[in-house]
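So the sequence lines, in the order shown, correspond to chains A and B. Residues 25 to 471 (the working numbering) make up the first sequence, in order. Residues 25 to 471 (the working numbering) make up the second sequence, in order.
These are computed hints drawn from the structure, not numbers from a lab. Here the structure is a predicted model, which is why all the values come from computation and not from measurement. It is possible that some hints are incorrect.
Each pair may be met inside one copy or between any two copies, as identical chains are not told apart.
[As the list claims (entries may be wrong)] Straight-line alpha carbon distances no greater than 25 Å define the calculated DSS-like cross-link-like pairs of lysine-lysine that follow:
#1 Lys-47 - Lys-147
#2 Lys-64 - Lys-121
#3 Lys-369 - Lys-414
#4 Lys-121 - Lys-429
#5 Lys-26 - Lys-145
#6 Lys-361 - Lys-29
#7 Lys-141 - Lys-361
Protein chains: 2
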Amino acid sequence: MKNIKAGLVGFGTVGSGVVKLLKENQLVIEQRLGIPIILKRVMDLDITTNRGIELGDGVLTDQLDKILDDPEISIVIELIGGIEPAKSIILQAIRNKKHVVTANKALLATHGDAIFKEAEKNKIDIAFEASVGGGIPILRSLREGFAANRIESILGIMNGTTNFILSEMTNREGKFEDILRYAQDRGFAEADPSFDLEGIDIAHKLVIILALAYGVRVNPEDIYTEGISGITLPDIEFAREFGYRIKHLAISRDEGSQIEARIHPTMLPFTHLLSEVDGVYNAFYVQGNAVGTTLFRGEGAGMMPTASAVVGDLVELSRNITRGISLRTPALSYQRKSILNKIIKNINEVITNYYLRFSVVDSPGVLSQISGILGRHNISISSVIQKDQKIEGAVPIVMMTHQAKEKSIQTAVDKINNLDVVLGRTVLIRIEDETLEGKHNQEQVIS
Amino acid sequence: MKNIKAGLVGFGTVGSGVVKLLKENQLVIEQRLGIPIILKRVMDLDITTNRGIELGDGVLTDQLDKILDDPEISIVIELIGGIEPAKSIILQAIRNKKHVVTANKALLATHGDAIFKEAEKNKIDIAFEASVGGGIPILRSLREGFAANRIESILGIMNGTTNFILSEMTNREGKFEDILRYAQDRGFAEADPSFDLEGIDIAHKLVIILALAYGVRVNPEDIYTEGISGITLPDIEFAREFGYRIKHLAISRDEGSQIEARIHPTMLPFTHLLSEVDGVYNAFYVQGNAVGTTLFRGEGAGMMPTASAVVGDLVELSRNITRGISLRTPALSYQRKSILNKIIKNINEVITNYYLRFSVVDSPGVLSQISGILGRHNISISSVIQKDQKIEGAVPIVMMTHQAKEKSIQTAVDKINNLDVVLGRTVLIRIEDETLEGKHNQEQVIS
Numbered sequence: 025m026k027n028i029k030a031g032l033v034g035f036g037t038v039g040s041g042v043v044k045l046l047k048e049n050q051l052v053i054e055q056r057l058g059i060p061i062i063l064k065r066v067m068d069l070d071i072t073t074n075r076g077i078e079l080g081d082g083v084l085t086d087q088l089d090k091i092l093d094d095p096e097i098s099i100v101i102e103l104i105g106g107i108e109p110a111k112s113i114i115l116q117a118i119r120n121k122k123h124v125v126t127a128n129k130a131l132l133a134t135h136g137d138a139i140f141k142e143a144e145k146n147k148i149d150i151a152f153e154a155s156v157g158g159g160i161p162i163l164r165s166l167r168e169g170f171a172a173n174r175i176e177s178i179l180g181i182m183n184g185t186t187n188f189i190l191s192e193m194t195n196r197e198g199k200f201e202d203i204l205r206y207a208q209d210r211g212f213a214e215a216d217p218s219f220d221l222e223g224i225d226i227a228h229k230l231v232i233i234l235a236l237a238y239g240v241r242v243n244p245e246d247i248y249t250e251g252i253s254g255i256t257l258p259d260i261e262f263a264r265e266f267g268y269r270i271k272h273l274a275i276s277r278d279e280g281s282q283i284e285a286r287i288h289p290t291m292l293p294f295t296h297l298l299s300e301v302d303g304v305y306n307a308f309y310v311q312g313n314a315v316g317t318t319l320f321r322g323e324g325a326g327m328m329p330t331a332s333a334v335v336g337d338l339v340e341l342s343r344n345i346t347r348g349i350s351l352r353t354p355a356l357s358y359q360r361k362s363i364l365n366k367i368i369k370n371i372n373e374v375i376t377n378y379y380l381r382f383s384v385v386d387s388p389g390v391l392s393q394i395s396g397i398l399g400r401h402n403i404s405i406s407s408v409i410q411k412d413q414k415i416e417g418a419v420p421i422v423m424m425t426h427q428a429k430e431k432s433i434q435t436a437v438d439k440i441n442n443l444d445v446v447l448g449r450t451v452l453i454r455i456e457d458e459t460l461e462g463k464h465n466q467e468q469v470i471s
Numbered sequence: 025m026k027n028i029k030a031g032l033v034g035f036g037t038v039g040s041g042v043v044k045l046l047k048e049n050q051l052v053i054e055q056r057l058g059i060p061i062i063l064k065r066v067m068d069l070d071i072t073t074n075r076g077i078e079l080g081d082g083v084l085t086d087q088l089d090k091i092l093d094d095p096e097i098s099i100v101i102e103l104i105g106g107i108e109p110a111k112s113i114i115l116q117a118i119r120n121k122k123h124v125v126t127a128n129k130a131l132l133a134t135h136g137d138a139i140f141k142e143a144e145k146n147k148i149d150i151a152f153e154a155s156v157g158g159g160i161p162i163l164r165s166l167r168e169g170f171a172a173n174r175i176e177s178i179l180g181i182m183n184g185t186t187n188f189i190l191s192e193m194t195n196r197e198g199k200f201e202d203i204l205r206y207a208q209d210r211g212f213a214e215a216d217p218s219f220d221l222e223g224i225d226i227a228h229k230l231v232i233i234l235a236l237a238y239g240v241r242v243n244p245e246d247i248y249t250e251g252i253s254g255i256t257l258p259d260i261e262f263a264r265e266f267g268y269r270i271k272h273l274a275i276s277r278d279e280g281s282q283i284e285a286r287i288h289p290t291m292l293p294f295t296h297l298l299s300e301v302d303g304v305y306n307a308f309y310v311q312g313n314a315v316g317t318t319l320f321r322g323e324g325a326g327m328m329p330t331a332s333a334v335v336g337d338l339v340e341l342s343r344n345i346t347r348g349i350s351l352r353t354p355a356l357s358y359q360r361k362s363i364l365n366k367i368i369k370n371i372n373e374v375i376t377n378y379y380l381r382f383s384v385v386d387s388p389g390v391l392s393q394i395s396g397i398l399g400r401h402n403i404s405i406s407s408v409i410q411k412d413q414k415i416e417g418a419v420p421i422v423m424m425t426h427q428a429k430e431k432s433i434q435t436a437v438d439k440i441n442n443l444d445v446v447l448g449r450t451v452l453i454r455i456e457d458e459t460l461e462g463k464h465n466q467e468q469v470i471s
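Isolated chain A, as found in the complex (with noise of 0.2 Å):
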């Protein structure tokens, strides 16, 4: 085989990456191949827009049968996103016996099991490397480096937006509103930012990760996701005081029958790997019952970073086509009779620490009050904070409890939102503490 000739489809920012990276290191990429890489043809429905990018004669095409239906192309890279037609193009694709490199883990999380069932029944690979942090080879170290592990927990910061913006309001003591928009105007953020501040794109993440590192498959809408909005200063300045930053974090946990799996702002303690991983930087904290705590951190979304995963799966693809094999190693990591639907732990079960902010009346008797049903459903405290300032005309009860069950607190709390001498909404926020991660440390089987 002379060389590969790989098709891509969406020329936006990481296309466009794709493009700059395949030509500015394609010597390096071929010491390491030992054939060079060509991209055939680049597919945009927009082909008039200068992207400031040099593409060869009649490469750039809005005619996306120039690559489905070209023989020499065998690997097809899906840069368009969302869901359709990027399914079609895929499944497409796979019939005409092409692998596939594609960033969409909208698409992998919500029709994944018909794209991995198609590209088994045609023997063809799908790569998707760039799906989850960026740049940095998460899904590769969980399907071969930890093959030989038992995943115990991973805790991800997988989304550069709220990461960005929870930082910024942490380190610059900005308003929520205010931040967002300097992210907005950095390109940090889209313009309709939903997606990302409601944790949704985490979720997606978050299913791929499930699937490859406990070999669960899993709906995103099965997860408890929770976005950022809700997050305030007053909170990140208590969460200082107790030792802690509030991070959006993706927690998963391997508890045998069941998989706890929940995306919220998390309170992580200053000594935590995680909580010093500031702005558009991803990471995850990976336990496994053999290796250990590791930790992986990159930027985890970007032009160049995203192209860097894709570049590094159309080699490996590349790997296997000139062997003439396919599916050498699962997609999902287990092999497909092994892949369960392993039931999520719902939220109300969770145990964790929570950090509890009332906004109360100024008078005798309301920490009495709220301790006194706190106490009722079995919630015990670890440490308060009453101050004079008041915060939207409260006062502020801040509290941190030892371990307790989600739906105990969730009463407490809806009953203490009730009572008369309570002015506003009580803001929860679940805390991962060192002490609790060094529980399920004790649970390895071998250490």
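Position chain B against the provided structure of chain A, taking the given hints into account.
Chain B alone, transformed into the frame defined by chain A:
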């Protein structure tokens, strides 16, 4: 193929971990690979010591040929370490068409060429993830995840022993000798620790990293290597005052026509991610021209993390064996014809910032004599600390320099050491600054 049969040579600590891991994680390994991996034979000269690990009847043997001559065994795991007989065993395994998994960095760094050539000739795969960074999948990530990148630089903490000692000296303010004894008692340092302390182990690992990252063939003795036994508490304390921690760092950079590669105690600013990697952890700070900066961190040694890498390699090789292929990916990441004998930059040509501690008599004019010599060698000083308290009878003068050439620094320091007012040898510690890293960042072609 119903299963993969492997033979293990070397039933020591890591060997025992491999046996344990294959047994305890048997299910999850088979769920990923599709078929079981069976450890058919374990060979060790000592077959009487009870290691607390059960082996099936007839598995343990002191006969090497029970592994090397068994046609059923397709993978040989070499975990005895050292040059001979490890080298002969691996070469014989290759000639007998058995794929090889090894953790033997000393062997690969000094005789890798002969082994990889023989392996290619026989179409045999050599896997060695466990040789660098314990359970951290750093070699795989360089070879696969970052295949599309030109690697620009790697800073690594690659030896758990020296990192443990420096961390403990820093955090508990203990003397080198005391901490070393403490580490030996806890099994974090060998009875004869010179291999680790002098940086020889790191040099072996760096040879492997240099090959995979930059495609160069280097001898360990070509790498400037300095151990940590000269580091004293006053220097750790002065470093802290300036905002730095001292780490035993492996530094490598692609400078185009030559490669910078050196190992020595290094001052890293508190803000550098590697400055807080403590204890037995290893970490790699990798910069690629597309992916940007990434960090990998995990346990760099120990029974189970190393076994995690060994068995991960077993799974990887098994995937090739079941497909009937080999040499799918070049072991050293680059095709043989692209591997260069690039020149390592002479340490005298290195340009960096320096920490200098002079031990002088307490008399007027000393500072002017010292700074005069530095000035005549074009070394400019960024800050000075002079303190009242004496160290071993001498007054310390501590200076941080702006960027200077190593040769100028060494010449100047030699002259200063010869001054009558200078009582002891000047301490010199190189600094790896963020600003310096920044300079390198700007050299990126792609950003």
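For each hint, the structure was consulted:
1. Lys-47 - Lys-147: Neither way: Lys-47 and Lys-147 sit 30 Å apart in one copy and 32 Å across, limit 25 Å.
2. Lys-64 - Lys-121: Answer is within; shortest intra-copy Cα gap is 17 Å, inter-copy 39 Å.
3. Lys-369 - Lys-414: neither (38 Å within a copy, 62 Å between copies)
4. Lys-121 - Lys-429: neither (50 Å within a copy, 57 Å between copies)
5. Lys-26 - Lys-145: between (28 Å within a copy, 22 Å between copies)
6. Lys-361 - Lys-29: The answer is between: 23 Å across copies meets 25 Å, while 33 Å in one copy does not.
7. Lys-141 - Lys-361: within (12 Å within a copy, 39 Å between copies)
The earlier numbered hints that this structure contradicts are 1, 3 and 4.
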